[in-house]
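Asks: These protein sequence lines map, in sequence, to chains A and B.
To convert, note that position 6 of the first sequence is 6 in our numbering; the numbers rise steadily by one, no gaps.
In our numbering, each residue carries its 1-based index in the second sequence increased by 1000.
It should be emphasised that the hints constitute simulated quantities derived from the structure, not laboratory data.
Do not rely on the hints blindly, as some may be mistaken.
What the hints assert, rightly or not - If you want a taste of the chain B side facing chain A, the calculated C-beta under 8 Å gives, among others:
id, residue
1, L1011
2, V1094
3, S1169
4, R1173
5, G1176
6, N1177
7, G1180
8, V1215
9, F1218
These numbers come from a predicted model, not from an experiment.
Note that the Cβ used here is the ideal one computed from N, Cα and C, for glycine as well.
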Amino acid sequence: MDLTALGAAIAAFTGIGAGIGIGIATAKAVDAVARQPEADGKIMKLLILGCALAEATAIYGFVVAIMIKFA
Amino acid sequence: MDIGGLLNELLLEDKVMIHFDFMNGFFDINKSVVVTWGVMAVLTLFLLWLTSGMKVHNISTKQLVAEAIVDGLRGITGGMLGEEGIAYRDYMAVVLVFIGASNLVGLFGLTPATMDLNVTVALALMSIVLVEGAGIHHKGVRGWLKSFTAPLWLITPINILEIAIKPLSLCMRLFGNIIGATVIMELLKMAVPVIVPAAFSIYFDIFDGLIQAYVFVFLSSLYIKEAIE
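Excised from the complex, chain A in its bound form (with noise of 0.2 Å):
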């Protein structure tokens, strides 16, 4: 039996929590612009540097996905 494909599959995993981690630092990002609009410019920057990087675990679990697959 043929399991890369099953392997591949679980390395597809890790999206679940590279999308809670940014579910979550958009939802305190709402939460801080609501509170004081006027500091939206570096709350901005910082939402996108903490997506930038819980999105980079979804990534490598991809990158990982296709090595498995195809390397």
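Chain A is already provided as a structure; the job is to place chain B on it using the hints.
Replies: Only chain B this time, still in chain A's reference frame:
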């Protein structure tokens, strides 16, 4: 529909475009390098045209646009680097424009240069050399070595590991995002060939590409800021 065949073609295609035989070995030029040359040529010609005939008084609209672009880019990168790292803002602006333009190449049906791991690794290595160089330049060799024991001597191994982890995460993030967007766009084009890909292209080709260029420059600037403070 043959999804596997399409993915194989996209991920395992022959990357070599020009092949030279050179004495006993060979010398290959990859497609991504040729795309990079194209991007460089277009940017250089555009900038030459934009900056030709500059004056001090009575400036033209063209010069006004050029000044607005330079001011805007310097504002973005200077804001990330802070007061002390202001000397590095022009390099960061160039990297921002280059990665942004390389990612947008997908709009014209070419494969983005940043989809090749070689290109992103080169960019990440340039960033880490600049980060460590800036640290040595601002703190001196002793201060730079001392910064590895920064908050606590116990985490020195982690600080040393960071030299490898920083460029690895930089290049993998850019590569993974661009290849992911391209794969999704190709699958979408196969499933629904008309109209729908155009709408998704706005997100995957334009928005994602520009955000990733911004993130790459933002993180590099953050590392420089960290290294020189």
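Asks: State for each hint whether it applies.
Replies: Hint check results:
no. : hint  : result
1   : L1011 : 5 Å, holds
2   : V1094 : 20 Å, violated
3   : S1169 : 6 Å, holds
4   : R1173 : 5 Å, holds
5   : G1176 : 4 Å, holds
6   : N1177 : 6 Å, holds
7   : G1180 : 6 Å, holds
8   : V1215 : 4 Å, holds
9   : F1218 : 6 Å, holds
When held up to the earlier numbered hints, the structure conflicts with hint 2 and nothing else.
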